[in-house]
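Go by the hints and put chain R onto chain V.
Chains V and R, in that order, give the protein sequences. Residues 0 to 305, numbered by numbering that gives the first Met the number 0, are exactly what the first sequence covers, in order. Residues 0 to 305, numbered by numbering that gives the first Met the number 0, are exactly what the second sequence covers, in order.
Worth flagging that the hints you see were computed from the coordinates, not collected in a lab. Treat the hints with care, since some could be wrong.
Claimed, not checked - Which stretches of chain R does chain V cover? Using the computed rule of at least three CB atoms under 8 angstroms from a CB of chain V, they are:
(1) 112–118
(2) 126–139
(3) 150–162
(4) 172–181
Claimed, not checked - Partial chain V-side listing against chain R, Cβ under 10 angstroms, derived:
(5) Pro74
(6) Asn101
(7) Glu135
(8) Ser159
(9) Val170
Yeah, the Cβ is synthetic: ideal placement off N, Cα and C, and Gly gets one too.
Number of protein chains: 2
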Amino acid sequence: MDQLAGAVRRCGNPVVVGLDPRWEQLPAPLTNAMLGEPQERAGAYLAFCQQIIDVVAPLVPAVKPQAAFFEELGPVGMTALGTVIRYAQDQGLLVILDGKRNDIGSTAEAYARGWLGRRDSPWGADSLTVSPYLGEDSLTPFVNVATQRSAGLFVLVKTSNPGGGLLQDLVADELCVYRHVAELVDRLSAETVGECGYGIVGAVAGATYPEQLAELRQAMPHTWFLVPGFGSQGGGAADVAGGFDEQGLGAVVNSSRGIIFAHQREEYRGKYDDSQWQRAVEEATHDMIAQLQEGTPVGQLSRKLP
Amino acid sequence: MDQLAGAVRRCGNPVVVGLDPRWEQLPAPLTNAMLGEPQERAGAYLAFCQQIIDVVAPLVPAVKPQAAFFEELGPVGMTALGTVIRYAQDQGLLVILDGKRNDIGSTAEAYARGWLGRRDSPWGADSLTVSPYLGEDSLTPFVNVATQRSAGLFVLVKTSNPGGGLLQDLVADELCVYRHVAELVDRLSAETVGECGYGIVGAVAGATYPEQLAELRQAMPHTWFLVPGFGSQGGGAADVAGGFDEQGLGAVVNSSRGIIFAHQREEYRGKYDDSQWQRAVEEATHDMIAQLQEGTPVGQLSRKLP
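With the rest of the complex left out, here is chain V:
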C-alpha cells in the first residue's frame, strides 16, 4: 500500500480506472467490420485497453482490469489480459487485477503465485481482489505470497451491489457479517503496516453504502479501501468521502463504465464523435478527479503538491 499511497500522492487523486471491455459497448472504430470471434474480440479488447491506458496513465495512479471479460473469450482473452497488465505497468500505472479469486491452502497459494508480483509471477499484477467466504485459512496464503512479493490484496467486505446484503448484512453476535470479515481483514493488515500507515490487505467497500463505508473507515484503521460503485452505479463524491482518512489517503475509488464508455454518456455524446472516444475518456477522468478533489478529503493531497 506504500506504493499505492505514493502513486496517489504523486497524482493528487485516488482514481482507479476499471478496464471492463464489453464487446457491445466498444467504440465503433475498434470493432468495424469485425464478426466478434474470440480472436478478434481479444485484439479489440487489447487495443481498447491500451488506448485508454495511453490517456489515463499521466492522470491516475492505477487501473483495474476485470478478469471476467477476458476470461469470457477463452485462452486468447487471457493472453490479451497478460499484455494489458504489462502495458499498463510500462506506462507507470499500478494494476489491481479484479478476479475475486479464492480457494483453500495450496490452491489459494497457486492463485496468489500466478497473479501477484511484477517480477515473480506470469501475470504480474500489483494486487488482486479476493473473496472471503472460505475464511481465514483461505486468505493467509494470499497474504503470505503478497508479503513476499511486495504486492497487495483487496478482500471483499461490503460490496456495491443491491443483493450483497443478503449475506453480508446478516447479524451475528451483534455485528453484521461484513463487520466480522472487516475484523479479520484489519487484523491481517495490521501485521503488515507500512510507512503509509496501512497494511497490504485492503478491503472492497462500495460507494453505494456511504454510511457503512464511513463506519468501516473507523473500524478498519489499518486497511486501505478499494471503493467501487462510483458514477454509473450511483455513488458520488459525497458518498465516498467517508472512506478517506484526514490526509485524503486510505482509499482509491474505481470508475469503469463512467470513464471507459464515456463516449456513450449523454454529456459527452454531442461533444465528441465516435472517433474521438479517447477525448471523452480524458474529460470524464478529469471530471471525476475534480469531483473527488472538491467533495472529499482528497483535496488535502493536491494542496500539498508544488
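Coordinates of chain R only, in the frame set by chain V:
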C-alpha cells in the same frame, strides 16, 4: 443435473477425480530434465491430466480441473486448461471446472458465458463452482446462462477447510450463515428441477463436516452436492454417506490428491514404481469406488446395473 445423474447411474458410482496438477508432485517421468518454466510446466500438466483421464474415463462420471494450478502458469496454463477440458469430454467425462468465480451483474454473466456450455462457450465446461459472498444478484446471472446452455453450477455452501467456519458458522436469525446460503441455493435450484429431481444449482458441502452434510441433505431437497474433502483431507465413506438420497443419488464425491498422486501414497509406493504411476491412479480409483459402494447408499446404484 440430469446429465450428471445419468453418468452416475451408468458408472455405478459418484466419484469425481480432481485434476490438481502440482509441479512438485508430478510423477518423475513427466518432469524429467525439465527446468520448470511455465511453457514446460503447461505441457507437463496437460500430459499428466490427459494420462489420468485415459485411466479414469471408463470408471467415473466426471473430473474436476482446478483452475488455480493452470492460472498459476499464466496464459500458457490457461491454454492447457482449455485442452484438458475438451480432452476429458471427448473421453466421455463431464467436466466440473473448479474456479470459485463470482462477481455482480453483467460481470458474473461474462464469467458464466466464458465457462459454461460445451458448444456455446470457449472453455466449454459442463459446470462451474461459484462463491456466494456477493449474494443472490451475483448468482442469478450464472443460473440464467447455465439454464440456457444445459450446464450446471455448484455454489460454495459449507466448505471442507478448518477455517471455513469463521464466516460460514456465524449464527444469524438462529441459523448458521451457511444455512442461509443453503436456503438461497435450494430456492434457485427448485426452479430448475429436472427428471432426476434436482435442479441445476448444486452446492459444495465438505466431507469433513459429516453432520452438517446430512443436515444439508434434509434442508436442500432440490440440490445436488459436490462433496470435496474425501481421502487426503480426512473424509471417508461414513462421512459422506449422509450426502446421498435413498437411491444413492444427490451427491458426487471428489478426490484429488488421493487419486492423482496415488503413486506417492504409502500403500502404493512399494507396489508400483514411478513409471507405473497410472496403475496407482487406477487402483486408487477402484478403491474409492469400492469404499463408496460399501459404505454409502451408492451401493443401491450398482445393484441396479445389469
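Structure-based check of each hint:
no. : hint    : verdict
1   : 112–118 : holds (count 3)
2   : 126–139 : holds (count 8)
3   : 150–162 : holds (count 6)
4   : 172–181 : holds (count 4)
5   : Pro74   : holds (4 angstroms)
6   : Asn101  : holds (6 angstroms)
7   : Glu135  : holds (5 angstroms)
8   : Ser159  : holds (7 angstroms)
9   : Val170  : holds (5 angstroms)
This entry satisfies every hint, going by the numbered hints stated previously.
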